[in-house]
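Dock chain F against chain V, hints included.
Spelled out from the first residue to the last, the chains are:
Protein chains: 2
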Amino acid sequence: MVATVHSLKPRKDPSLDAMIALASTDMNAVNAVILDRMQSDIPLIPMLAGHLIAGGGKRLRPMLTCASARLLDYPGTRHHKLAASVEFIHTATLLHDDVVDGSDMRRGSKTANIIWGNPATVLVGDFLFSRSFELMVEDGSLKVLKILSNASAVIAEGEVNQLTAQRQVDIGEDRYLDIIASKTAALFAAACRIAAVVAERDERAEDALDSYGRNLGIAFQLVDDAIDYASDAATMGKGQGDDFRDGKATLPVILAHARGSDADRQFWKDAIEGRRVSDADLAHATRLVRETGAIEDTFARARTYGQRAIDALGVFPTTTAKLAMIEAVEFAVARAY
Amino acid sequence: MVATVHSLKPRKDPSLDAMIALASTDMNAVNAVILDRMQSDIPLIPMLAGHLIAGGGKRLRPMLTCASARLLDYPGTRHHKLAASVEFIHTATLLHDDVVDGSDMRRGSKTANIIWGNPATVLVGDFLFSRSFELMVEDGSLKVLKILSNASAVIAEGEVNQLTAQRQVDIGEDRYLDIIASKTAALFAAACRIAAVVAERDERAEDALDSYGRNLGIAFQLVDDAIDYASDAATMGKGQGDDFRDGKATLPVILAHARGSDADRQFWKDAIEGRRVSDADLAHATRLVRETGAIEDTFARARTYGQRAIDALGVFPTTTAKLAMIEAVEFAVARAY
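Just so you know, the sequences run in chain order V and F. Using my numbering, you'd call the opening residue of the first sequence number 1 and step up by one each time. Using my numbering, you'd call the opening residue of the second sequence number 1 and step up by one each time.
One chain only, chain V, in its complex shape (with noise of 0.2 Å):
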C-alpha cells in the first residue's frame, strides 16, 4: 500500500464549502437543538442569545463535531445535541468576551452589550452556560461531560491569562500560543474529540481527532491575526486595524516588536498601551509587520500548525469527509494569500 500524503499546498481559492456540504444534513439538525433549547419563559433570555445565534456566524465548531462524525461513520443522532452544546459554550463565551473588552461591534452589528447593556449580556451568557451543560446531562456520556467541562475551565483560564497580559507588548511567542491554545482551540479540539466519544471509538481516533481540531484552531486565531494587518485581505467582518487600535498584542506584533529597532520597540510599547492610534499610525504599524516579516512569518506559523492538522488525520482512511477536513484546514491557512 501506498500511503497517501496530504501536504498542505493548498489548492487555488480552497473554502469551506466542501465541509459545509459534508455536514449541512447534521448541521439542520443541530440548528433546531440551537433554536429549541435557546428557549425560556424569560423573553429576553432568546431574544438576546438570539441576537447572536442568527447573527451569521459560521457555527464552526458544531460543524467540527459533525464532520468528525462523518469522518467516522457515525450512524446516530446524539453528536446533534452535543454540538448545539459547543455551540452555547462558544456563544456564552462571546457574550461574556464582548462585555470584556468592551467590544461594540461584532460580525457587522451592534453587540448584545450594547443593545441590552452588560448585565443582561453577562447573565444570558451563564444561562447559555448552565444550558449547555443540561443539553450534555441529557446525552448522559460522563466522557463527554468531562472533556467539555474541561475545555470550558481551560478558555475560562486562557481569558483571564489573556486579560493578566493585555496592553503588555514583551508577552513573548510561547505565553501567546499558550493564551490561544487556551481560549481558542481547546473547544476547537473537544468539538472534534467528542465526535470520536459518541462513535465509540480507540483513544487512538479520539487523540488524533483532538489534534486537528486544537492546531486547526490555533492555524485560524494566527491567520485572523495576521489578517487583521494584511488590508489587501478578506476580513470576515473584522475591520482592518481592530486589534490594533484595541492594543491586542497578537503574534505579528509580538514578532514585529521583537525584531524591531529601539524606535520601533518604543512605537511599539505607546501603541499597545494605548497612545498610538491614528490612521498614521496603524499605516505605520502595517509597513512594520511588513518589514520584519512579522505577517509572512505569523502565515507560516499558521501554515505549520495547519499541517499538523493534516497531518493529525492520517490515520482515518481517505474519504470525502477527510478531504473536506483537509480542505478546511487549507481554507483556514490560505484565508489571506
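Don't read these hints as lab results, they were simulated from the structure. Please note: incorrect hints may appear among the correct ones.
What the hints assert, rightly or not - Mimicking DSBU-like on lysine-lysine, the simulated pairs with C-alpha atoms at most 30 Å apart in a straight line are:
id : chain 1 : residue 1 : chain 2 : residue 2
1  : F       : Lys12     : V       : Lys146
2  : F       : Lys143    : F       : Lys58
3  : V       : Lys146    : V       : Lys110
4  : F       : Lys143    : V       : Lys143
5  : V       : Lys58     : V       : Lys248
6  : V       : Lys110    : V       : Lys143
7  : F       : Lys248    : F       : Lys269
8  : F       : Lys110    : F       : Lys12
9  : V       : Lys58     : V       : Lys146
10 : V       : Lys146    : F       : Lys248
11 : F       : Lys12     : V       : Lys143
12 : F       : Lys58     : F       : Lys12
Then chain F, alone, in the frame of chain V:
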C-alpha cells in the same frame, strides 16, 4: 405511635450552631476541596476567587448538603466534592451579581469587581462555574449533574427575570416570589437534594430534602428583605437601607406600595426609579413599610415558608441532625425578632 409535630415557635435565640456542629467534620473536608480546586496556574484566579471565598461567608449551601447527608446517615464522602461544587456555583453567581449590580461592598469588604474590575470578575466567575462542573463529573453521577445543571439554568433565568423587573415597583408578589424561588431557593433545594442522591435514597427522600431547602431558601431571602427595613435588626453584613437606595422592589416594598395611598404609591415609584435616595426618604420608607404592616407580613410570609421547610422533614425520624436542621429554619426566620 405518637407523631412528633415540630411547629415553628422558635426557641429563644435559635442559632446555626447546632447545624455548624453537625456539619463541622464534613465541612473541613469540603473546605479543603474548595481551597484545592480554586487553584490555577493563572495567579489572578485563586487571588480573586479567594478574596470572596475566604471573605467570611457562612457557606450555608454546602453546609446544607452536609447536614442533609448526616440526616440520612450517609456513611461516604462523595458529598464533599459535590458540596464544594455547590459553593463554586454560588460563588460564581455572587461574582457575576456584583458586576451586574455594580456593587462595591459585600460581607463588609470591597467587592472583587471594585478591586480587580468587571472583566476579571466575570471571567473568574466563569472559571469557578466550569470548575464546579468538573467536580460533579469527577463524582460521576448523572443524576447529580442533572440536578445542578438544571439549578444553574434556573438561577440564570431568575437573574435575567430580576433584571428585566428592576426599578419597577408594581411587579407584584407572585413575580417577586418566582424570582427569589429561581435565583435563591433553587440552589438551596439542589444542595439538599443531592445528599439524597449520593445516599441512594428514594424519590420521596429527595423530594422532601428539595422541599426543605427550597422553602428555607425563600424564607431566608424574605427575612433578608425585611431586615433591610428593620432598623433594630442584626444586619448580616448588609448596611440597613441598601435595598432601598439600590431601588430594589423587594416584598416589603411591593406590599407597602399595594397597600398605600396614591401619594404613597407615587413615593414608592419615585424611590424605586431612583429619585428618592436620601436619609429622609429612607426614614419615610421605613415608616411606610411599618405602618402598612408590610414588614410584619413579610416576616409572616417567611414564617409560612419556614414551617413548610420544617414539615418537609416530617418523613425523617427525629434525630440530632433533624433537630439541627429545624433550628436552622428557626434561626432563619427569627433573625429580626
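Hint check:
| no. | hint | result |
| --- | --- | --- |
| 1 | F:Lys12 / V:Lys146 | violated (49 Å) |
| 2 | F:Lys143 / F:Lys58 | holds (27 Å) |
| 3 | V:Lys146 / V:Lys110 | violated (35 Å) |
| 4 | F:Lys143 / V:Lys143 | holds (15 Å) |
| 5 | V:Lys58 / V:Lys248 | holds (24 Å) |
| 6 | V:Lys110 / V:Lys143 | violated (37 Å) |
| 7 | F:Lys248 / F:Lys269 | holds (11 Å) |
| 8 | F:Lys110 / F:Lys12 | violated (34 Å) |
| 9 | V:Lys58 / V:Lys146 | holds (26 Å) |
| 10 | V:Lys146 / F:Lys248 | violated (39 Å) |
| 11 | F:Lys12 / V:Lys143 | violated (52 Å) |
| 12 | F:Lys58 / F:Lys12 | holds (21 Å) |
Against the hints set out earlier in the document, violations occur for numbers 1, 3, 6, 8, 10 and 11.
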